[in-house]
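*Asks:* When you get a sec, could you build the whole thing from the sequences and use the hints?
Here's the letter readout for the chains.
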Amino acid sequence: MPKRTDISSVLVIGSGPIVIGQACEFDYSGTQACRVLKAEGLRVILVNSNPATIMTDPEFADATYVEPITPEFVGKVIEKERPDALLATLGGQTALNTAVALDEAGVLEKYGVELIGASIEAIQAGENRESFKRIVESLPVADGAEVARSLICHTMDECLEGAVELSYPVVVRPSFTMGGAGSGMAYDENDLRRIAGAGLAASPTTEVLLEESIIGWKEYELEVMRDRADNVVIVCSIENLDPMGVHTGDSITVAPAMTLTDREYQKLRDIAIGVIRAVGVDTGGCNIQFAVNPDDGRVVVIEMNPRVSRSSALASKATGFPIAKIAARVALGYTLDEIPNDITAETPASFEPTLDYVVVKAPRFAFEKFPHAEATLTTHMKSVGEAMAIGRNFTEALQKALRSLERPDAAFSWAAPPGDRHDLLQRVRVPHDGRLRLVMDALRAGASVDEVFAATGIDPWFLDQMLLLDEVAREVADAPELAPALLRRAKRHGFSDQQIADLRGTSADVVRGVRWALGVRPVFKTVDTCAAEFAARTPYHYSSYDEETEVEPRERSAVIILGSGPNRIGQGIEFDYSCVHASLALGAVPGGGFETVMVNCNPETVSTDYDTSDRLYFEPLTLEDVLEVVHAEQQAGPVAGVIVQLGGQTPLGLAQGLQDAGVPIVGTSPQAIHLAEERGAFGRVLQQAGLPAPKHGTATSFDEAKAIADEVGYPVLVRPSYVLGGRGMEIVYDEESLEGYIVRATEVTPEHPVLVDHFLDDAVELDVDALYDGEELFLGGVMEHIEEAGVHSGDSACALPPITLGAEEVGRIRASTEAIARGVGVRGLLNVQYALASDTIYVLEANPRASRTVPFVSKATATPLAKAAARVMLGATVKELRAEGMLPAVGDGGDLPPTSPIAVKEAVMPFNRFRTPDGKTVDTVLGPEMRSTGEVMGIDAGFGMAFAKAQAAAYGGLPTGGCIFVSVANRDKRHMIFPVKRLADLGFEVLATAGTARVLQRNGVAATVVRKHSEGAGPDGEPEIVARILAEEVDLVINTPHGVTSGGSPRVDGYDIRTAAVMRDVPCITTIQGLAAAVQGIEALQSGALGVRSLQAWADALVEQRRSS
Amino acid sequence: MTTRPTPALLVLEDGRIFRGDSFGAEGDTVGEAVFATGMTGYQETLTDPSYHRQVVVMTAPHIGNTGINDEDPESGRVWVAGYVVRDPARVPSSWRSRRTLDDELRAQGVVGISGVDTRALTRHLRERGAMRVGISSTTTDSAEVLARVQSAPPMAGADLSGEVTASEPYVVPASGAKRFTVAALDLGIKTMTPAQLARRGVEVHVLPSTSTLEDVLSVSPDGLFFSNGPGDPATADHAIGLLEGLLARGVPYFGICFGNQLFGRALGLGTYKLKYGHRGINQPVLDRSTGKVEVTSHNHGFAVQWPTAVPLDVGVSTPYGRAEVSHVCLNDDVVEGLRLLDDDGELLGFSVQYHPEAAAGPHDAAYLFDRFTSLMERRGAERGTSRASSATESTASNTEGVSN
Ligand SMILES: Nc1ncnc2c1ncn2[C@@H]1O[C@H](COP(=O)(O)OP(=O)(O)O)[C@@H](O)[C@H]1O
Ligand SMILES: Nc1ncnc2c1ncn2[C@@H]1O[C@H](COP(=O)(O)OP(=O)(O)O)[C@@H](O)[C@H]1O
Ligand SMILES: [Mg+2]
Ligand SMILES: [Mg+2]
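Chains as they are written, first to last, in our numbering: chain A, 1 to 1109; chain B, 1110 to 1513.
No lab work stands behind these hints: they were computed from the structure. Predicted model only: the values in this text are computed from it and were never measured. Just so it is clear, CB atoms sit at the ideal spot from N, CA and C, and this is done for glycine as well. You can take every hint at face value.
List time: in silico DSBU-like cross-link candidates among lysine-lysine, alpha-carbon distance up to 30 Å:
#1 1401(B) <-> 38(A)
#2 3(A) <-> 1401(B)
#3 110(A) <-> 3(A)
Sample of chain A residues facing chain B (criterion: CB under 8 Å; computed from the structure):
#4 229
#5 259
#6 261
#7 270
#8 296
#9 336
#10 354
#11 533
#12 546
*Replies:* Structure, rendered in structure tokens:
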């Protein structure tokens, strides 16, 4: 069937900010879709509030709207653009929900927009558990299919009865909450009261679904693709190593399925095809999850997602079958047999990929960021990222995946004795981050496969593979010498040089030396979708210790770009963005580009799309693995160098080792990197440049820390050295808390010193991204944080251009930045954070690399910073790039025309994903420790509206009327008077706790006193504040933390208030600066005139203004 | 501590050598090297008679994970001449597993090799074409093995039906009410095929490949079925003669795999050996009558040659009616199905090169068994109206049938 001719423009909805459960896999799918749709000659209109995405690069769509993904704003875009069709199946649950809302609001009908991909009926049939149950049970498959028994409950009593009927444990799922929030596994009545209690509270319809537990069953996923001629293919089967009970997103998963006979596999296949037909997903991909009883093969269908999902991204990377790309094509009317498989070129997309390798995905968690959060793994997802690895067998893939996580404790280790068998068998029962390592220890301690199976439900085949690893480890440890055969055997099972070194009591360098001397090196195989039945055209490689390599020789000089590995808090999609840009820019250098080679292990990203670079190596980002890739590429042809400064701290950390091994590093040299990263060295750089920094010192013991604190003066900021994302950072106000921190947060040793800085109170924080070629500094942008210094730059909102800085201050910042760039010796990107206090500009830190804010700055100022940086690293000058037109001919991000728009970045926090052991959400107060998972951008002519848009994009928006609740710390009382007064004037009713209310009343604000949570309901049953928030009587909460008790745990009242706000999605402002900004936002909203404007339009205007000014 | 397994050696006809560990029985074997790309179904593959005399290379690295059970075999024994895998399972994991794959191979004396770079071997076969191969765990002298390989008979020109067929006829009763009788010529038939027919009310009389026209007619079949099987269709003169005789009598025909090639030859078409064949369960086949794509199970080294002068969508006339290409493989346009129509375009017989019975593989093509039963239904009705005439006709052309 040929392509439909009745569609000439398509609106694509992205998935918005990165949150747990919805990460950059949707940028990958959306980007693919946009590429396809443009190639098909359609006008592509895109809405996505996330500036860190590749899909929102102006060249990927004809009109790119970085606007909130809410029915209101998307509706405005539709009204303005009048697209023929809407494609909502590639933007995750966010896009799907928005499409449904637009349909219900009649917007699609009003403007004649056709929903392509999945129809509203299909979406509802798939998402509504009742109709889905009916569909599954009526499937025409041999000996039928079923779903887990379930009951809907509205009260705790119903829950208690239901649980008895279904018998414990039961799965609790609150209805209509985003991403399984508030769901969980109840083993007994206490659990049920806790989880269902929270669930009923969390559900807007006070409704929870109780479901029969099939915990411990084998869990599988199938990725299905269908076209409008009803051709259906299964793209990939995925088996969860962790059995049912652990969310697939948190499970270690394996592709293809390892422990199914063909009969069982074909049964799942028949059911999957039956489901996609019955649900009526006309075209595109969908994901179906199964549970299989290990005792008798009974199959239960868990759920289906009528859209591209996280697993589809994984499946695409695992098989080389680009699900989103094909989904976009079939949505346009093509049939699978009309679409070529671009890896083989000669075969069509209507086949099913077959693998001759094994893929393992491992999740990455961030519990250390949420010390109060419950860390066991259950039915709702908690991981913030994942790594994928490919090997020729399971053991190789598993060990590569674990070391890809970049956590010292992730990979198996035989260094320490395993511990007690019985104790270990107990500890592996409850799933948690790092359980697999304990499983290995249990096996090492002599537990049998059966015992571990009984304790964990992990399939015996996987456990035996781990036993095999332990056997190999023993052989390596016990062998008189490291003979080639043994070394090769260890390598074939994925042992790293480091692991072998530990087993042999030597160093990784020595092992590498021996290995190279013996010629034991990996070969690179190809992901080709067809197990070598046809020749592959796409160089998508993975390493394996096998015989034959498939890397093709090349003429052109190559640049190897190191990616940023698994997403984690502090290092996410923003870094992948820069890597992708480097690849795009270097491939297209005027007059003969470079051959671009990408190395990364994150399956969610655009960088690991085989379409992005000339060559892709899906490999862990460790020194060993990267050195082997470099070696392979050096064998293939000339290598200009390796780029380490775009992927964040991960590749930066490899720079020195690579250079020591003789690998050319382009851009900022490892020595220069050291100058910026090592405290002492950097201090000297600042001294020479005469730039002030907060007084600080480095302590290796509490006494030293105390001495330094006394000298620099309290409050002080303490943290372990060398960390990204502010891990383990705290502001301490007195000696007692300092001691508390040292005891609690760190083992201080000469190897692990603690940094102690004087903490600048009430300072304005500034973030700067700049480009330096050795001669000229290009100031990308100066961002002014909304929250004061002390809130991590990654967590605070910021505005660009800075809203309160004058040209003189920007001039000083430019001078300081240039001095640092020169002093450090930067070639490429530099990020500096400053704190402006009492008219002094202090330097907080400098990062000689791409930063989190590069994409935001690039979009806000219509300048491809990362592209330019890549060019500079390979020798181009800013002057040349200006002449080329990549950078503006005159001026930069530091002197934007006064009429240029204001862009506001807002961080998105994952608080609603986490619960304390007693079922509450974790506290939401911001601090120097970065905890946001993603960000959004709001852009408009004025700050107020831009801020309001950012809030709408991040949290569904500021209220324009209703009731506000105010309760602030004493230090904030003075500063809150004016903004709150203004809100009262704007028509808000004001509730406040006694102290705050008194101050307001004295200043002529009619504030009503409301009871504190700790006071409980009044004599005449007057509800206390938490109750009123839960009763949805409050539209905006303003609560600044009342200091921090030593031990870091926040005061309980404020805590209960903030968590109640999170539960009800009531915007909750925790800083005075945030309040002031919110007031401006509310003013802008009240003045009406919500407008949407595409980045392309803003960019044209900017060029105009630059010319005329 | 694990004891090192016996080293083993794999030598290809063109001299390329792979070294690995002995797997399954120790000893020596030769055969035609072919690769199979299915990720599931090794037990069905091993017991598929079409693999007789072939050394099968599994492209999926982990083989044996679900052990060996008593339900999935496609015949009474393992047929492969040798087995090449990368990472055999050490323990099986499946509630249906009875023994390990390794034990099964030992028990049946099947020589295998593990730990070789199966992808490199597969790419070699893809580039150079299927060729003879030897595996040995008794010698480390590759020259010795090479000599043995080169003296082994090639697959082209091999007549193997006699070696795989049932020695005696047997009947697979219809499950439920019997609706039809089918004579199924066993050229290497898989268990699942009669099972699929039986499910549809067919009583299947499985006959040895040497059966005569009389043998077939004696079961007074409503339809004739020719199974899959090993060897070169160009050598199967007896079976082809038999088929011609029954086509002349207008007996509804359904053929699978080898049965498709024989159908082609009976209709006057040629057959040829593919460079490296189709062996997998992910092959896209287009049903040209419906335009629909089915994902199918393949195992064939030979294929039907459509006259190069004639476009695929034009039929050729044969003594039995008009022959058309009904299915093609979308990967390489190989003819995957034929159908025979009478002057009014009514179906007389059909066959496919792939495996609608699956086992192992997807069930997309199961509809073909229904197509066969409805064909028998229609023709039965027609014949019912003209029994007498068709009877005389049959004896008349009987002699004719035997004589050619
Ligand atoms: N009935 C059940 N018993 C035990 N575990 C379950 C059950 N249903 C779901 N789970 C687990 O919870 C996870 C999430 O459930 P799922 O229905 O897939 O929700 P989501 O939409 O968040 O993916 C699954 O991956 C599975 O491991
Ligand atoms: N001396 C200081 N005074 C006030 N705030 C500070 C000081 N040093 C750091 N901060 C705050 O802590 C945050 C994290 O510190 P930073 O040095 O940037 O660590 P990271 O490497 O995690 O970015 C900064 O964004 C800033 O808000
Ligand atoms: Mg799920
Ligand atoms: Mg910082």
